Amino acid sequence: MARETLRNLRRNLTLTLASILTVAVSLSLLGIALLLQRGVSNATDRWQDGVEFIVFLEPEITTNQLGLVQGEIERSAAIESYRYVDQEESYREFNEDFFPENPEITQLVTKEIIPPSYRIIPKQLSAEAIEIVASGFETKPGVKKVVRATDEIQKIEKATDVIRWIVLGAGAILLGTGLLLILNTIRMAIFARRREIEVMKLVGASNSFILVPFMLEGTFQGLVGAALGTASVYGANRAFEEWLASDNVLNILQSFAVGAGDVWAIGGLLLLVGALVGSVGSAIAAYRFLDA
Amino acid sequence: MIKLESVTKVYKGEVLALHQASCDIQKGEFVFLVGQSGSGKSTFLRLLNKEEEPDNGKIFVAGKDIARLRRWRVPQMRRQIGSIFQDFKLLPNKTVSQNVAFALEVIGRPRHVIKTQVPAILDLVGLQTKMNRFPHELSGGEQQRVSIARAFVNRPLILLADEPTGNLDPATSVGIMRLLERINEIGTTVVMATHDRGIVDTMRRRVIELNNGEIVRDQARGVYE
Chain A
302 MARETLRNLR RNLTLTLASI LTVAVSLSLL GIALLLQRGV SNATDRWQDG
352 VEFIVFLEPE ITTNQLGLVQ GEIERSAAIE SYRYVDQEES YREFNEDFFP
402 ENPEITQLVT KEIIPPSYRI IPKQLSAEAI EIVASGFETK PGVKKVVRAT
452 DEIQKIEKAT DVIRWIVLGA GAILLGTGLL LILNTIRMAI FARRREIEVM
502 KLVGASNSFI LVPFMLEGTF QGLVGAALGT ASVYGANRAF EEWLASDNVL
552 NILQSFAVGA GDVWAIGGLL LLVGALVGSV GSAIAAYRFL DA
Chain B
198 MIKLESVTKV YKGEVLALHQ ASCDIQKGEF VFLVGQSGSG KSTFLRLLNK
248 EEEPDNGKIF VAGKDIARLR RWRVPQMRRQ IGSIFQDFKL LPNKTVSQNV
298 AFALEVIGRP RHVIKTQVPA ILDLVGLQTK MNRFPHELSG GEQQRVSIAR
348 AFVNRPLILL ADEPTGNLDP ATSVGIMRLL ERINEIGTTV VMATHDRGIV
398 DTMRRRVIEL NNGEIVRDQA RGVYE
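Protein chains in written order, with this note's numbering: chain A, 302 to 593; chain B, 198 to 422.
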């Protein structure tokens with residue numbers, strides 16, 4: 302059966318190549334959209350679950366000052382909940398979440414210079430209400446800085462959202478095209494072998510025996526396309542990382558770096574989608590044109 | 198072995214191919230189906246193979262109501278039925294022995310079985326010296342022998358023949374009929390649609406005559422008309 306599949310692939314080389322390349326391009330777009338999403342969510346990790354502003358404290362804040370700030374937060378009627386992130390945790394987060402693959406950056410930073418912080422979820426989420434509560438902390442002794450989620454983060458998320466949807470949309474359309482191309486390739490393969498198929502049915506070959514080579518062929522096309530797509534996503538990520546490394550190290554984009562684990566997970570997903578598109582495309586072709 | 202109970206088949210809602218046809222064919226019988234073109238002979242055969250579904254009536258093959266067969270069971274049923282045709286339906290890019298072996302390969306017979314069965318059946322049809330020829334290198338009669346070998350290599354209970362001598366000259370046809378007789382003598386039920394008056398009249402077997410889809414005659418040791 303494998304031999305038959307290979308022979309069919311050779312017979313329809315141009316169509317096969319077209320299907321594979323279309324799947325490859327569409328899946329690399331899908332992969333890049335996923336990378337982008339992962340990167341943005343890495344970069345904005347601190348702002349999850351309704352955290353609207355962060356009160357960064359001086360690293361050398363006194364216990365007394367800390368008590369005062371904490372008391373202020375606890376007494377405030379405008380605050381829904383908060384979480385204290387000490388230097389230990391901030392340092393870990395800094396290392397793991399933001400610069401997992403750039404040890405040279407983390408070497409420059411010691412735990413002592415990282416500020417502890419309060420992540421605060423206010424009761425009211427209107428911009429004015431948040432502004433009133435947040436600015437109240439700015440002048441407190443021991444407070445280094447108050448950073449609001451609103452401005453930059455939301456801008457980044459909005460911008461990348463738009464890009465992501467465009468890339469995702471283009472990827473989806475191309476993926477549909479890939480499916481149709483695979484369907485058509487399989488239809489041609491079935492047409493080329495119609496005499497053999499007729500004989501096979503006549504002598505009582507089982508339906509699966511007739512179907513499987515075509516399904517394999519389609520799945521193979523989808524998988525090869527997905528492998529190419531995965532390779533190009535991997536390449537794109539590598540290029541991005543190299544670019545980050547060559548730029549000045551404190552570039553804000555650093556936090557967009559995506560860990561190797563995520564890249565592999567995306568690759569796995571792409572292979573799965575590719576195999577799915579290939580087998581579904583060939584199954585549709587087989588059921589429509591084989592009448593098995 | 199084969200039983201039709203008032204079977205009706207209408208193509209596209211208007212062409213009446215078979216109308217209330219009933220007959221009963223016993224194991225080991227040799228039956229000619231005669232009648233003009235379009236009288237329903239081919240439809241008769243295609244219904245037995247489940248290549249077509251009847252619009253009405255029941256068909257039993259080897260004791261089973263084939264309308265009630267599950268889809269995935271149909272291939273099993275077809276393995277008990279060999280088919281040959283006027284146009285042979287051989288695969289042009291395969292040799293004689295590959296054409297015959299193909300029928301065994303695609304139903305998953307092990308290689309050692311194929312290795313012994315194919316030469317044996319080619320010996321039976323008298324083509325042992327032409328195993329490695331391609332179909333286009335053979336005469337029409339030889340090609341039909343290959344197609345008989347392919348249909349019979351799996352030892353089916355029934356052999357359906359749709360005008361097997363339609364493309365052959367009379368002398369060659371006689372050879373083919375001898376072969377079909379031999380296959381019938383082994384116990385295979387043979388149903389053969391034909392236009393060949395000479396063959397029917399000399400062999401004197403059961404004749405079922407169709408006219409406009411109806412069975413108008415069913416005669417033991419019959420003649421063409």
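To be clear, the hints were calculated from the coordinates, so they are not data collected in a lab. From a predicted model like this one, the values you see are computed outputs, not experimental measurements. There could be a bad hint or two in this list.
[As the list claims (entries may be wrong)] Straight-line C-alpha distance at most 20 Å; calculated SDA-like pairs for lysine to any residue:
| id | chain 1 | residue 1 | chain 2 | residue 2 |
| --- | --- | --- | --- | --- |
| 1 | A | K502 | B | F285 |
| 2 | A | K502 | B | K224 |
| 3 | B | K247 | A | I498 |
| 4 | B | K291 | A | K424 |
| 5 | B | K286 | A | R496 |
| 6 | B | K291 | A | R496 |
| 7 | B | K224 | B | R276 |
| 8 | A | K441 | A | I511 |
| 9 | A | K424 | A | R496 |
Evaluation of the provided hints:
1. For the hint pairing K502 (chain A) with F285 (chain B), the CA-to-CA distance comes to about 15 Å; that is within 20 Å, so the pair holds.
2. As the CA atoms of K502 (chain A) and K224 (chain B) are separated by approximately 24 Å, the hinted pair breaks the 20 Å bound.
3. With a CA separation close to 16 Å, the supplied pair K247 (chain B) and I498 (chain A) stays within the 20 Å bound.
4. The hinted pair formed by K291 (chain B) and K424 (chain A) fails the criterion: a straight-line CA distance of about 80 Å is larger than 20 Å.
5. A threshold of 20 Å between alpha carbons decides the hint, and for K286 (chain B) with R496 (chain A) the separation of about 8 Å falls inside it, so the pair holds.
6. The suggested pairing of K291 (chain B) with R496 (chain A) holds, with an alpha-carbon distance near 12 Å, which does not exceed 20 Å.
7. For the hint linking K224 (chain B) to R276 (chain B), the alpha-carbon distance of about 16 Å falls within 20 Å, and the restraint holds.
8. At most 20 Å may separate the alpha-carbon atoms for a hinted pair to count; K441 (chain A) and I511 (chain A) exceed this at roughly 77 Å.
9. The straight-line distance between the Cα atoms of K424 (chain A) and R496 (chain A) is roughly 73 Å, outside the 20 Å bound, and the hint therefore fails.
Violated hints, in rising order: 2, 4, 8, 9; the structure is consistent with all others.
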